[in-house]
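> The chain contents come next:
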Amino acid sequence: MPLHRAIKELEDMIGDKEKYREELRDFLSKSWRWAKEPKYRLIFKIQASALRAAREFLDSRGFVEVLSPIIGPVSDPGIRGAKQAVIDYYGHEYKVMSSAILYKQYMAASLGNIYMVSPNIRLEPIDSIYTGRHLAEFYQLDIEMFGADLWKAVTLSEELVSYMVKYIMDVHGAELEKLGRELHEYKPPFPRYSYKEAHAMSEEIGCRFKYGVEIPWRCEKELSAMHDTPFIIYEYPRGSRGFYDMEDPHRPNILLDFDMIYPEGFGEAVSGAQREYEPAKLVERIREGGEDPAKYKWFLEMARDLYPLMTAGFGLGIERFTRFICGLRAVWEARPYPKLPGIAPTP
Amino acid sequence: MLFLSKLYLMLKALRVAIMGLDEFSDPHDYPLDDVIHRALRGREAVYPFGIFYRYGAVTLGSRSTIRNWGLGTLFLVPPAFVPGRLKKASEVFREPIYTDVDLSTEVGGFKVAMPLVVGSMGSTAIAGKTAIPIAKAAARHGIVMSIGENVATVRGYEKRYNRTHPSWKERAMAYLEELDSRGQGLGGLIVQQSVEDAYNELWNRVYTDKDIDQYIDRGLLGFEIKIGQGAKPGLGGIIKLPREEAEKLTRKYNIDFFEGRNAIRYSVPSTYTENILRSLIRNMRTQYPRVRIWVKIGPYRDVIKVISIAAEEGADAVVIDSREGGTGMAPTVSMRHFGYTTLTAALAIFEARKRGITVDMLLGGRVYDGGDVVKAVALGASGIYLARPLVLSALIRGEKGVANLLESISVETKMAVSALGKYHIKEVTPDDIAVSDHHVAKLYGLRYIHEIPISDR
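Chain order of the listed sequences is A and B.
When we follow this note's numbering, the leftmost residue of the first sequence carries the number 226, and every step to the right adds one.
When we follow this note's numbering, the leftmost residue of the second sequence carries the number 4, and every step to the right adds one.
Rather than coming from a laboratory, the hints here were simulated on the basis of the structure.
This one's a predicted model, so the numbers in the text were calculated from it and none came from an experiment.
Among these hints, one or two may not hold up.
One-sided excerpt, in silico: chain B residues whose CB lies under 8 Å from chain A [what the hints assert, rightly or not]:
1) Val198
2) Tyr202
3) Glu204
4) Asn207
5) Arg208
6) Arg281
7) Arg285
8) Gln290
9) Gly317
10) Thr432
Glycine included, every Cβ here is placed at the ideal spot set by N, Cα and C.
One chain only, chain B, in its complex shape (with noise of 0.2 Å):
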């Protein structure tokens, strides 16, 4: 009996030891499925066909069950009696389709084609093997994209430091010459800076690099400060890197040199109170007066605060990634115990409205489809924080991948902002959606979805 518990002992420890803890990175957990078939598949992946479930061979319906993840609690209530349909009709002469929606507006002080940001992704293996044919296709339609900290410290900021990572302004470098060449002249360029950089001061570095100058000028950047990301609220950037390379960054960085090749970078979380915060954007403003200024945090308990001093200081944009947001690197116990999930962010964007706040809003964390970007949209968000879906894109198949990712999402969130009878993302309201959780619905002020046959809302 004892062989056969200590068998299953040693099995399960071999399956750990190749596996890891696959908690985090769980098919079952994460909709991988569903980032794989629109990186595959592009504007058709807003049906759910493939090759053997195709039109004709299946019947569809909806699942019964919400899922719980994202803002799965949310609904979107399409009205029947669609006054803006007719205004629209009036303008095109014709009964309006979901084509005619208008994506386009500003998000942190950029015209965007549509209301998504590439979320900052930083030094991680993973970030540098996707960062030029993520920064291609989002420069291409038109969307933010945002450069992670410690990437030009870590893997060099014109020059690449190591032959397989691609340098700071390599990222850069693609992303704002795609953008003339190929682009529609929308988007715009965050830069995060560490503590770390900011020993080789790099937002001075890039507000006096000639080659970036011009995009300066035209108002196509922005520097982000960053208090936290959703993983790992309150801890900063971790990446592992070989033996080697570790030790030159050993008087910048708190490195855990474990035995064997690898060690452990770890960026430290920086510190900020209210007035820390609230000088740094001014300072910010001070010295670099010709690019927009965002705010980054994690799913923290003092959010709106964080919201409303950035606001008063002028910041371009405040962004709240949530626990639910992806990460190359976050410990165990972040990611098990940590913050609040996309919900909660979301329902501090929609509390930050009610206050008056006005400053812009992005929201992360596990949002990826048109359906949860317009319930963002309708709470208030002024855009959706996205970056492993394009990663995991990128993987599969390069640009295409991110481009057809990209798609999918537009295609989508005109369908649903067109369902609900409006034709330009802006117009979409709290009153398209309906909440399941009563408590929730209570808490804010939102329609309970079964009060729906009960109220004339």
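If we strip away everything but chain A, and leave its shape as in the complex, we get (with noise of 0.2 Å):
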């Protein structure tokens, strides 16, 4: 399957960087002009269905929805140059949450299995504008399963997302049909490539990069292009991804971790891992981020006094699902008052 039509227009768009940008600026910065266009109209509708769906789907399989923080001593570290918000909170230094990522775990030590639908902050990279897929500030449905482990969290990943393409379908069929947005239903489980493997298929089709990297977008992309359903790249080396993701026991190097991508040129669904519980491990981890353990504490203390705190989970970013169901071009599309990097003011 080729790359999605809206995938090859934004890639236009971005022909020409300078006039792109100023298409942004323009878009973001009167940007309840366009909220109440019947395209946008319905794209949010959907998004409400979206949300309504995985919560009818999680809530019939007893996990418990919790509130997530917003913000913290720390977030997480494991996002892309992407820099965190900071605050002064009474003369400490807080971070607005980039993911709820620590806090997950610690509500899945109480109530076993949870999501949260929390709001995240991440001051990207300034070409991240040109990704398609990065807001500055954007939702993810965070899910936390506690005793778990990597083929489970896969395993929900598939059901879930699977879920949600039926029930818009069902619910909005005809009114995606009408948008160009032709859908169709996928049958876990998908597709599951270790990172080697995909590695492997990326070089084949000339993508080449580093084994041992995080695929580059470029190569991604292409990945995407070749599927016609969602896929599952599992097991990602170590170096590649945030400290909290497990380095399997048995097999040195190699993360308990997976992202789920769209076809079609969309790129990443999901993201999440078997998480690590070994304070000793977390220590080594956090000193790969070039990062002092101290600024941890909190979250090192709690491993330590609910020792093993075995969980695992993954996040799907909810502006990235209503851009792929809606075949939109970009998430900046997929949500109200949209924020990029470096394009301010705006609402």
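Bring the two chains, given one by one in their own frames, into a single complex with the hints.
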């Protein structure tokens, strides 16, 4: 299956970077104007349905929805080059959540299977406006399961996404067709490739990258365009992910984590893992990010107190799901009041 | 008698109280005259004349003793027969001279006018004072500059924390803007981040900075992992600062409050293992795909392992700073007892090359003259890391002093390369040097200098 029409449109737009930036500036600075156009009204309604579908699915499986944190002394450091927003919290530096990852484990320890619909702030590098997949402010559906392993998380993510897609087809199929978006049912299990296999597959189609690093966007897009169903890439190598992804105790350098990739060039859907719970391993892995373990003091203390804090989970980007399901050019079309790195002021 | 020894001791004590332990700032040991001469005279400084000892008034000749610092025990040994010069002549259709030598090359992923790098200087008082003139002169001369760790955290990222010390960004922009306006578009800016800087996500901040983005896009930025420095391998950065400034830093640093107005701020040495370094480099390549990754180490005994890991993981350069490297502040015990000298560091580079490692490697530690630059490159170094001579030159004559120093090194380097019958810095090889230390020569398979008459090499 080739790249979706909307992805090609985005590529054409990006062809002239200056012009693209200006177009975005216009689009973002007066977003209330387009927000009431029929196309975007439908998108917002589909977004609401997607959340409803997710809640329906998870609630029926006994998951408990919990409130997400907004600020804390630390947040997720495992994010490509993005800076965290900082606030002065009574003389202490607190971060605005770049993801609720550390708190998901906290609540999974309390309630077992949990989810949150959590807002994230990431001050992304300026060049991420060209990916079509990055916003400075976005929502994630965050899921964590106590006592689960990698494969339980993978399976749940597949079932969740296929349920959500089916739900949207049933409720909005006809309207989406008017938007020019044709949807298909995706039956789990999805195709699953190890990172190693994905690396080989990428090399085969001529998109080369060094084994061991995160798959670059350009190659992820190519791989995505080869597929007509979402697929899983699992077991990323150590050094390419956040410190909380567990390293396989029997196979050094292999992380028990995964991504789900949408087909047709839409790219990453879900990112998840089985979590590291050995305090000594956590300290070592934090050092691999060049940081002082002292920064993550509460988290490390929790890992020791609640030992073994064995959980697995994943996050699904709401705007990315919306973009995919509606066949949109970029995530800046997939939410109201979008914010992109370096573009201000906006509503 | 007792009175006399007491008086002697008191006078000694007075001297120590005033001078401190001048063993480490000693002008008899450090070639201070040489640096001053360069800062004052620029390209003219390639000759040893002054106002009194001027051309025509004195005669000159080499010392018979060997200087025992830097690469003093290595000698450049020019040949009489120079096919390389003939080849050059056939290109330029005249007898080539030293100005025909090309020093432009690539260092650690950056195109540069010559293989010198401004070594990372941090948040010490002296580094703050000289940072801007050094940045400007470096950018104009097309060489890479590194900004040391802790600057953003202690002196401010954008706004100054203290009126007299430029912020991190002032130092960065002085370099980058000069590179655009008066430079040749050559060079690059390296950014160190300590674990204390990581609290504030310095690298992320730089990577997402709107003003710096265009330079990142042009491939002019690099991030440097610091695994120690020459003067204090195994210890973290240390600076002294006023008590009230130190009080603001207690959350991020270990602070030793003396009695009185000053305090000492310690930055942690930070913990590495083979796995941590490997994964850190991978992490950085994932997180910052548009910047170069450098690794800087002090004179460690596992240097070859560090170089191998950095090379395997695709780092762009490894800097080896020897114990002769300068510092704004280091404990006596480390400067007296830790690590090894520049020659050993240079031999580590040589050994790494012999093992087929191709990553760019830089040598630091009292290397500041063109002869030593060429010797280092001959052994396999991709460039030279220098800082102290730049600071001294900036103190003597500001930006002009730094430019003078750089010009003198450039001219000397060209002279040395051309004397070897070569016309590009990259053409020099281990064959161009000889070693006065027989043991070293034997161990590494280098030419022993007194072997020359009996060998045809």
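> Each hint should be assessed against the structure and marked as holding or not.
Structure-based check of each hint:
1. Val198: 4 Å, holds
2. Tyr202: Because about 6 Å separates Tyr202/B from the closest Cβ in chain A, which is inside the 8 Å limit, the hint holds.
3. Glu204: 5 Å, holds
4. Asn207: Constraint on Asn207/B satisfied, holds at 4 Å.
5. Arg208: This interface hint holds because 5 Å falls under the 8 Å limit.
6. Arg281: This interface hint holds because 6 Å falls under the 8 Å limit.
7. Arg285: 3 Å, holds
8. Gln290: Holds. Min distance 5 Å.
9. Gly317: Hint on Gly317/B: holds, closest Cβ of chain A at ~6 Å, below 8 Å.
10. Thr432: 30 Å, violated
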